[in-house]
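Visitor: With the hints as your guide, set chain B onto chain A.
2 protein chains.
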Amino acid sequence: MINSINNEKIKKYSKLLQKKYRDESGLYIISTDHLVREAQKKNIVVDIFLLEDKKNVYGNVTYVTETVMRKLTNLKTLPTVVAIVKKEVEREILGNVVMLDGLQDPGNVGTIIRSCVAFNIDTIILGDNTVDVYNEKVLRASEGMIYNINIIKKNLIDSIMDLKVKGYDIIGTRVDNGTDIKEITSKKYALLVGNEGCGVNNQLLNLCDLYAYIKMNSMCESLNVGVATSIIIYQLSEN
Amino acid sequence: MINSINNEKIKKYSKLLQKKYRDESGLYIISTDHLVREAQKKNIVVDIFLLEDKKNVYGNVTYVTETVMRKLTNLKTLPTVVAIVKKEVEREILGNVVMLDGLQDPGNVGTIIRSCVAFNIDTIILGDNTVDVYNEKVLRASEGMIYNINIIKKNLIDSIMDLKVKGYDIIGTRVDNGTDIKEITSKKYALLVGNEGCGVNNQLLNLCDLYAYIKMNSMCESLNVGVATSIIIYQLSEN
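Going down the list, the sequences are from chains A and B.
Note that the first sequence covers residues 1 to 239 in the working numbering.
Note that the second sequence covers residues 240 to 478 in the working numbering.
The hints are simulated quantities; they were obtained by calculation from the structure and are not laboratory data.
Here the structure is a predicted model, which is why all the values come from computation and not from measurement.
Careful, some of the hints might be misleading.
To be verified - Selected chain B positions facing chain A (in silico; Cβ < 8 Å):
id, residue
1, Y297
2, T350
3, C459
For each residue, glycine too, the CB sits at the ideal point set by N, CA and C.
Isolated chain A, as found in the complex (with noise of 0.2 Å):
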């Protein structure tokens, strides 16, 4: 049991809340119940820290008061169990692909995560300016899909420019001019989603094939992006 947040380990794995030391370490903390036992089943957990007085349904676990726990975690309600894990080394790009330009809010990430694997996506690369995927509120929102994808961090040029030799069709976003989303007959695409509130960057819109056009009332001027992603990739899946 650890009772005191100058513990050495606490306060080396306390850092990897900055985004900073998850860069470094290659280490990440998550904090529920589920993504412990996903993470469990991917052979990717370090360390294990549980509250005193839960039950240990885990294997292997240090024991901590609330006061440590607190020094593990941003979330406002304390978690009863957080885990520190390995990062998954990233892949080859195969498959289709999502790219996210500027994504700042980390519910959204999270969502769309999720929906890239309900969707088979099978790669998802992150623009120099996106949120870390690695932040707890992201993972909270994958609810442990995460686990599930091929996650690569690469500058959005460099990645279009590679893709489109290896033959893929990139399918931008924008609120007007495009393709409607059922006549999208790509077989080997990557779509490209920008920030919640301005879209993509001008220079990447640019580089596209084609746009994706969703069918809306007039009244309303555009999705929340984490939704417009996802009926693009169901939609593009049923096509």
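Guide: Showing chain B alone in chain A's frame:
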């Protein structure tokens, strides 16, 4: 210019951050430039408060200090403008309907309102346990679309009974044993979606005429409720 949080008007309006006072008064607070402009188009604005030194593009406003503005919002980032707005009168049920059972995440509810306008839903019915739509975060996530749809608060058992009498197909959502959404041909329907963690209440689910199923990869158990709702109403608008 108001510079004291003890000003009577500010004291009165700041109570609208609590649901109880919104329910009592029929007023609520909105807090982005976009929402204020949309509300002005609808002629439902009662008062506008603008942060000192900001340019007035709204007409009749009262300037306030940062400290006073802080009293009128729960948002972390201080808004430059807030308005006090009258709730619109609930109208009769008309057209297609979405019913929300116990949704708790303001972002999800706001997103659903936005998608409902996009895909021609005319009425949203809020069950007893769903988060208040006049909550600042719901309003933000709705991107002002709340003004373009009829919102009714009503017990969902009563609602379903009414809707059945009116000839609506009641479409439930659950993870298994449903009809593929591409095969649903209802022309007059009410879709019932449920809480983020537990889904739709069983008693309500048993009252449904059919259940919507979204075909997805078996690695993924379910979608975010905002996404699932949006995909279903998108697909039904296309059938």
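Visitor: Work down the list of hints and note, for each, if the structure agrees.
Guide: Hint by hint, here is what the structure shows:
1. Y297: Violated. Min distance 21 Å.
2. T350: OK, holds: T350 (chain B) within 8 Å of chain A, min 4 Å.
3. C459: Holds, because the Cβ-Cβ distance from C459 (chain B) to chain A comes to roughly 4 Å (cut-off 8 Å).
Hint 1 alone, counting from the list given before, is not met by this structure.
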